[in-house]
Each structure stands twice: as C-alpha cells, then as structure tokens.
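Novice: Residue numbers (our numbering), protein chains in the order written: chain A, 1 to 324; chain B, 1001 to 1269.
There could be a bad hint or two in this list.
Said to hold, decoys possible - Some, not all, of what chain B presents toward chain A, calculated at C-beta under 8 Å:
1) R1086
2) P1090
3) Q1093
4) F1096
5) L1103
6) P1116
7) L1119
8) S1142
9) L1145
10) R1148
11) S1149
12) V1173
FYI, nobody ran anything at the bench for these hints, they're computed from the structure. C-beta atoms are modelled at their ideal positions from N, C-alpha and C, and glycine is treated no differently.
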Amino acid sequence: MRYLLRRFAHAVFLLIGVSILAFLFTALAPGNYFDEMRLNPQIAPETVAALRAQYQLDRPLPLRYALWVNSVLHGEMGFSFGYNSPVTPLLLVRARNTLLLTVTATLLAWGIALPLGVWSADRQGRLPDRMLSWGTAALMAIPDLGLALGLLVLAVKTRWFPTGGMTSVDFETLSLIHKLRDLALHMTLPVAALVLSALPLLVRHVRAAVADMLDAPFLLAAQGHGVPKRRLLYRYALPAAANPLISLFGFSMGALLSGSLLIEVVMSWPGIGPLLVEAILARDLYVVIAGVLFSTLFLVGGNFLADTLLYWADPRIRTESSEK
Amino acid sequence: MQPLLQVQNLVKRYPGKKFVNSGEDLLALDGVSFSIVAGTTLAIVGESGSGKSTLAFCLACLERLTSGSIWLGDKDIVKLAEKDLRQVRPKIQLIFQDPANSLNQRWDVLEILSEPMILQGRTNRNEIRQAAHTLLEKVGLSSELGERSPRELSGGQRQRLAIARALALEPEVLILDEALSALDCSVQAQIANLLMELQSCLGMTYLFITHDIAMAAHLADEIVVMNRGQIAERGPTEKILKLPQHETTRQLLAAVPRLPRAVRPALEQ
Chain A
1 MRYLLRRFAH
11 AVFLLIGVSI
21 LAFLFTALAP
31 GNYFDEMRLN
41 PQIAPETVAA
51 LRAQYQLDRP
61 LPLRYALWVN
71 SVLHGEMGFS
81 FGYNSPVTPL
91 LLVRARNTLL
101 LTVTATLLAW
111 GIALPLGVWS
121 ADRQGRLPDR
131 MLSWGTAALM
141 AIPDLGLALG
151 LLVLAVKTRW
161 FPTGGMTSVD
171 FETLSLIHKL
181 RDLALHMTLP
191 VAALVLSALP
201 LLVRHVRAAV
211 ADMLDAPFLL
221 AAQGHGVPKR
231 RLLYRYALPA
241 AANPLISLFG
251 FSMGALLSGS
261 LLIEVVMSWP
271 GIGPLLVEAI
281 LARDLYVVIA
291 GVLFSTLFLV
301 GGNFLADTLL
311 YWADPRIRTE
321 SSEK
Chain B
1001 MQPLLQVQNL
1011 VKRYPGKKFV
1021 NSGEDLLALD
1031 GVSFSIVAGT
1041 TLAIVGESGS
1051 GKSTLAFCLA
1061 CLERLTSGSI
1071 WLGDKDIVKL
1081 AEKDLRQVRP
1091 KIQLIFQDPA
1101 NSLNQRWDVL
1111 EILSEPMILQ
1121 GRTNRNEIRQ
1131 AAHTLLEKVG
1141 LSSELGERSP
1151 RELSGGQRQR
1161 LAIARALALE
1171 PEVLILDEAL
1181 SALDCSVQAQ
1191 IANLLMELQS
1201 CLGMTYLFIT
1211 HDIAMAAHLA
1221 DEIVVMNRGQ
1231 IAERGPTEKI
1241 LKLPQHETTR
1251 QLLAAVPRLP
1261 RAVRPALEQ
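Given these sequences and hints, build the entire structure.
Specialist: Here it is as structure tokens:
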C-alpha cells in the first residue's frame, strides 16, 4: 500500500511542477491575447490597458500564479479570454471527446497487439514472424500525419466513412441506436489512425518480451509436464513477460494522447487538440496551461495506472514494498 | 527383466553456424544406446560437453532427436506427434540443475504443486490441496511453506519442491540433470537420501546425470560413462569403480577429491 501512496504523492508533485513550468514558459513567450487590439486604431489604448487589468495580466507573475491556483481550487482552471468563460466547462466537453477516442484506441491497440505479439513470438524466426516484423517496421516508418491523410483519402474515395466531425448534422433527431451507430462511424477513422500508429511498437515489444521468456527453464519444465501450448504461452510466458509491458501500457496511454492531438486536428474531431491549437495561436493563456496540464495528467495517470497494475500483477513488488 | 526405458542409437546433430565453427555440424549425441530396469537407478557420468544434458533434454522430449528411438514400455515416443506426446510427457520428468529458474517465481508453492494436478484433469480444489500437502510431506517440506514464493525458499527446499512437483505427475522415470550440483555438500547428501527413500517406497526409476562420479557411485545401480557424445563404458557400479576400462572413467575417478592419507586415520577414529 505504501508503494502506491508513494507513487501517488510522486504524481501530485509532478503536476505541481508542470503547472509552474507551464506558467513560466507562457510568460516567457512574447505578447498576450490583447496585443492584437493595440494595432487596431479603433480601440483606445486605455481600453486595452483596462482589459489587461481586468484579467489581471498586468500583475506580477507569482501573484498571477497564486490567483490561478485559487481558481483551480474553485474548479475553474482560470478564464478563457477567447470564449469569455471559465476554462473547466470548456475543457471538460473536449476532454470527454478526446478520452472517448484515446481510451478506445488504447484498448483496441493492446487487444490486437497482445495476441499478435504472442503469436509471432511463438513462430520466432519463421516466415510469418519475419513478415510481421517487416510489416510493423514499414508501418512504423509512416508518419502519423501520413496515416491520417491516407485514411481520409480512402474515406473520400469510398464514401464508407464520414471524413470529419464527431456526429452528423441530424444527430439530435436520431434514435439511440442510430446515434450510437453514427458516433461509431465517425470514430472509425480517427481510432483507426491512432491504432495503426501505436500498433507496430506495441506488437514488437510484446513479441520481444514473450520471446525472451520462451527459453526460460521454468517454461521448459512446464512443457515437460505436458502443459498445452496455448496455456504455456498465455498463462506462463505472458505473465512472466508482463512487467515491462505494463509499464509500456501506462506510457502508451500518454503517448496516444499526444498522437491524438494531431489526428484530432487533421480529422476535425472536437477534442482537446483543435482547442489547444486555437488557444496557442490566440495566446489564450489559461486554456493553453489547462491543456498542458490535462495531457500531463493523462501521462501521469497512465503511469499511475501502470504502477497499480504492476503492484497487483507481480507478487515480487508486493513483497519488496512491504519489507521496506 | 523387461526394461522400462530403452533407447537405441540416439543421434542429435546441431547444424553448424558458418561464422562460429566454420560450418561444421556439432554431434552432441552419437549413437547412444542403453536401457533402465524399473525401480533402479542408472547414472550417466561425463565431463561437461560430453552430451549429458542434451541426452536429458532429448529423453524429456524437449529437444527433437536427429535419429534414434526411445522406447517407453512398448511405445516409441520419438515417433509421436505433439498431441499424443503430451499424454506421455508426464511419465518422464526432468529435474533441472537450478531449481531457482525452473520454478515459476510468480506462483506460490501450492500453486506450483497444483498446476500438474490440474493438468491431470483433477478439479476438486480441496482434494488438490490435500494432495499438495501430502506431496510436501513426502519430500520433507513443512506444509506451512504452502503460501511462500519459491524465492523465499533455500536452494535445498527449492529442489525438494521441484521433485515434489515432478512427483505430482506420477512419473515412471525421473531424470535428474545435475540436480544436486548447484547445492552445497550437506544439502546434496540430504537430497540424495530423499531420492533413495522415494525409490524404496514408491519404486521410482531414476536416470541420474552428473559429472560427480562419487555421487553416481553412491546412488546408482549401473553407470554409463559418456565421452564426446558416445558411450565410453557401461556396467554395474561396482565393476566400473573397481575395473575402469576407459581413460575417461579413470580421469573422472581421479577427479574425486580425497583427504590426504595423513589426515584420514585421524578423522576415522
């Protein structure tokens, strides 16, 4: 238990650190949201100054940080200049859409990578294994953007899938089943792009981890007992190879989020990605910071999840931490 | 008497790798034949690299032979397909040199012992638990160890556990591949005694593979001496010890550590 508490405290400190850094860096960047107004002769300089004062942008940095922390504690995460509203409600809707995409993609990618990797490890060095290794290498060489564009071209040519957005225009009028169907159709392309970009790395890791285990004496012993092949692979080799894979799982949660930002923009999925890009271009400071924090939270959360899973999966970690 | 296990002309050839040993094939086993009568112990003795472990792996069907036949009762198990082989595997059990690696470290002692019984198709959990405890007792382990992980056991305890796990499958032949070599002297003696006890009460048949001819002499009824993948010499233990015919046997005998004569009488008093 202490192990998990320590990990949790670690995660909280990390988030605080990242928030301070995000503040520093956005303060270092030149200009702010109201600078463009200054170029506009229609707006009096006094008005711009008044706006800046209204949003506390003329205060010193430490004070602004303190004010922001206060607003975080009130559940607002600062104020968006562009949307003229607190950041939290803005972010929550987008975060929900992004999570829908990344969680689905992560689960799907792992669901494919595990059996594929084990299958390939079992045929180590033989033709199917080598072909898969070539395939994953080729897939890894294609940039995410290329994958997304390729899928879009496919969608446009075949007209099987909608090419953007999250729902159709007439979404609100549909029945529940048709709503789900509509959503699933819209999700297919971005999820496919995310899965394809994450898959090769995962397959290779699973294969390598399991292949390493296959020569272990305890597996030979089990084989000598007459344990069937499938059980040998999934009940012996895979759990023994699981530790690095679980860590990778946590990491892949975070990595898929950053991959998702790009794909959301390209496929116009109303998630965090487009919001963040827009906010960065407009220097909508607090939205940017909230976006950065959200992706950190995701990465940290993924790692925390991985640590928890490790704790649960490996009796050795349990005994080590209880001895300390 | 009809032998329990009979092997004829075993050949195992490892294809050479071009850059490692100029492409020459490695003949790990070169025409090995012998047989074991049920309830006896046959020791296979040889220096490292003589093909002992390859023999053990081939007999346990963990390596495919290049040619030859292994008769268990009236069945040639070399010819069996993997599916039928799985039915035979429990009958020939292999104990490895290093029990730390051959036990699944993620499972506790009871799980390790239950697995072979589940494989045998037993389903009643209480019955399995009961049987596991009986096995622990049989190999001289306290049943309090049931919840421990193999990492928390000593080397001797682990090897006892490995033997118990093999016994759970009710094997006909137990192959001990340097099973005592990783243990220290006093523990070696304990495990050797355990093996002899098990033999007298269960009628086990052992194939005892070792480089330690003294231990082989202690345990075996018959000794086969191997050299470079071939059988150099074989015969009853007595005869091999008293009248070694082959150079390898003499070398192995000479390698047995002895106390100097001057010290011995003092110890024997």
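Novice: Each of the hints needs a verdict: does it hold here or not?
Specialist: To see whether the hints hold, each was checked on the structure:
A cut of 8 Å between beta carbons decides the hint on B:R1086: the least distance to chain A is about 4 Å, and the hint holds. With a cut of 8 Å, the hint placing B:P1090 at the interface with chain A holds, because the nearest CB-to-CB distance is about 5 Å. With 8 Å as the threshold, the beta carbon of B:Q1093 comes within range of chain A, its nearest partner Cβ sitting at about 7 Å, so the hint holds. Taken as an interface hint, B:F1096 checks out: its beta carbon lies about 5 Å from the nearest beta carbon of chain A, inside 8 Å.
Checking B:L1103 against chain A: minimum C-beta separation of about 6 Å stays under 8 Å; hint holds. Of the supplied interface hints, the one on B:P1116 holds, with its beta-carbon coming within about 5 Å of a beta-carbon of chain A, less than 8 Å. The criterion of a C-beta within 8 Å of any C-beta in chain A is met by B:L1119, whose closest approach is roughly 6 Å, and the hint holds. Nearest Cβ of chain A to the Cβ of B:S1142: about 20 Å, over the 8 Å cut. The hint is violated.
At about 15 Å, the closest approach between the beta carbon of B:L1145 and any beta carbon in chain A exceeds 8 Å, and the interface hint on this residue is violated. Against a cut-off of 8 Å between C-beta atoms, the interface hint on B:R1148 is violated, since the closest Cβ of chain A lies about 10 Å away. Because the smallest distance between the Cβ of B:S1149 and any Cβ of chain A comes to about 6 Å, under 8 Å, the interface hint for this residue holds. The beta carbon of B:V1173 comes no nearer than 12 Å to any beta carbon in chain A, farther than 8 Å, and the hint placing it at the interface is violated.
Consistency with the previously given hints fails for numbers 8, 9, 10 and 12, ordered from lowest to highest.
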